[in-house]
Amino acid sequence: EAGVAQSPRYKIIEKRQSVAFWCNPISGHATLYWYQQILGQGPKLLIQFQNNGVVDDSQLPKDRFSAERLKGVDSTLKIQPAKLEDSAVYLCASSLGSEQYFGPGTRLTVT
Amino acid sequence: QKEVEQDPGPLSVPEGAIVSLNCTYSNSAFQYFMWYRQYSRKGPELLMYTYSSGNKEDGRFTAQVDKSSKYISLFIRDSQPSDSATYLCAMDRGSNYKLTFGKGTLLTVNP
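Those sequence lines, one after another, are chains B and Z.
Count the first sequence with our numbering and you get residues 1 to 111, in order.
Count the second sequence with our numbering and you get residues 1 to 111, in order.
Hints listed in this document are in silico derivations from the structure and should not be mistaken for laboratory results.
Any given hint might turn out to be false.
Stated by the list, open to error - With a straight-line cut-off of 35 Å between C-alpha atoms, the simulated DSBU-like cross-links for lysine-lysine are:
id, chain 1, residue 1, chain 2, residue 2
1, B, 44, B, 11
2, Z, 103, B, 71
3, Z, 2, Z, 67
4, B, 83, B, 62
5, B, 71, B, 15
6, Z, 98, Z, 2
7, Z, 42, B, 11
8, Z, 56, B, 44
9, B, 62, B, 44
10, B, 62, Z, 103
11, B, 15, B, 83
12, B, 78, Z, 42
13, Z, 70, B, 11
14, Z, 98, B, 44
15, Z, 42, Z, 56
16, Z, 42, Z, 103
17, Z, 98, B, 83
18, Z, 70, B, 62
19, B, 62, Z, 98
20, B, 44, Z, 2
21, Z, 103, Z, 67
When you get a sec, could you build the whole thing from the sequences and use the hints?
See below:
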């Protein structure tokens, strides 16, 4: 069974630029999550999708972050404009039930 | 007070030692308790998943939950250098599979 795929693995941008991350969940997993993991911290949930609908986006900074999951499969997370404090690893996870499977993450550095 | 508290370590032990990792939580609504292992530059992977108070064993790993004290533990017996990683506790209210993570404890097992 293929795991959760994410790209790119690494991204360096300057502040005020925009960036997008892509996630392909495990086939058949209805629920998809985006997490932000700052160095030395645990993952923090940004947004949760059930199929192509948003279940929870209460911790998503909506003035600069957006996410979509078209057709209930792949998802993209966008940051526009980026701030220095957005430097983190962005993890995508998917699940059928309670067990979440994580991708390798995208490491974003904002300079 | 954070919902989930976890000592970030770092923790360094010799090979073969018994390791004890702990988390406390303040929200009694948490019903499901998980331990994830995260190797450097990788996504978290699920190690243990428990619901009720008591112990759950899987090979060299034992997860312990004490709901009355709001305290969970992960024990690793006969620790190996390959166990060197960050260990994250995570908790879920059980309603929509939304996880709250601890900060993670960095463990190094020295050969």
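Status of the hints after comparison with the structure:
no. : hint             : in the structure
1   : 44(B) <-> 11(B)  : 20 Å, holds
2   : 103(Z) <-> 71(B) : 34 Å, holds
3   : 2(Z) <-> 67(Z)   : 17 Å, holds
4   : 83(B) <-> 62(B)  : 14 Å, holds
5   : 71(B) <-> 15(B)  : 31 Å, holds
6   : 98(Z) <-> 2(Z)   : 16 Å, holds
7   : 42(Z) <-> 11(B)  : 16 Å, holds
8   : 56(Z) <-> 44(B)  : 26 Å, holds
9   : 62(B) <-> 44(B)  : 15 Å, holds
10  : 62(B) <-> 103(Z) : 24 Å, holds
11  : 15(B) <-> 83(B)  : 5 Å, holds
12  : 78(B) <-> 42(Z)  : 21 Å, holds
13  : 70(Z) <-> 11(B)  : 39 Å, violated
14  : 98(Z) <-> 44(B)  : 10 Å, holds
15  : 42(Z) <-> 56(Z)  : 26 Å, holds
16  : 42(Z) <-> 103(Z) : 16 Å, holds
17  : 98(Z) <-> 83(B)  : 26 Å, holds
18  : 70(Z) <-> 62(B)  : 33 Å, holds
19  : 62(B) <-> 98(Z)  : 19 Å, holds
20  : 44(B) <-> 2(Z)   : 13 Å, holds
21  : 103(Z) <-> 67(Z) : 20 Å, holds
In summary, the structure is inconsistent with hint 13 from the numbered list given earlier, while agreeing with all the others.
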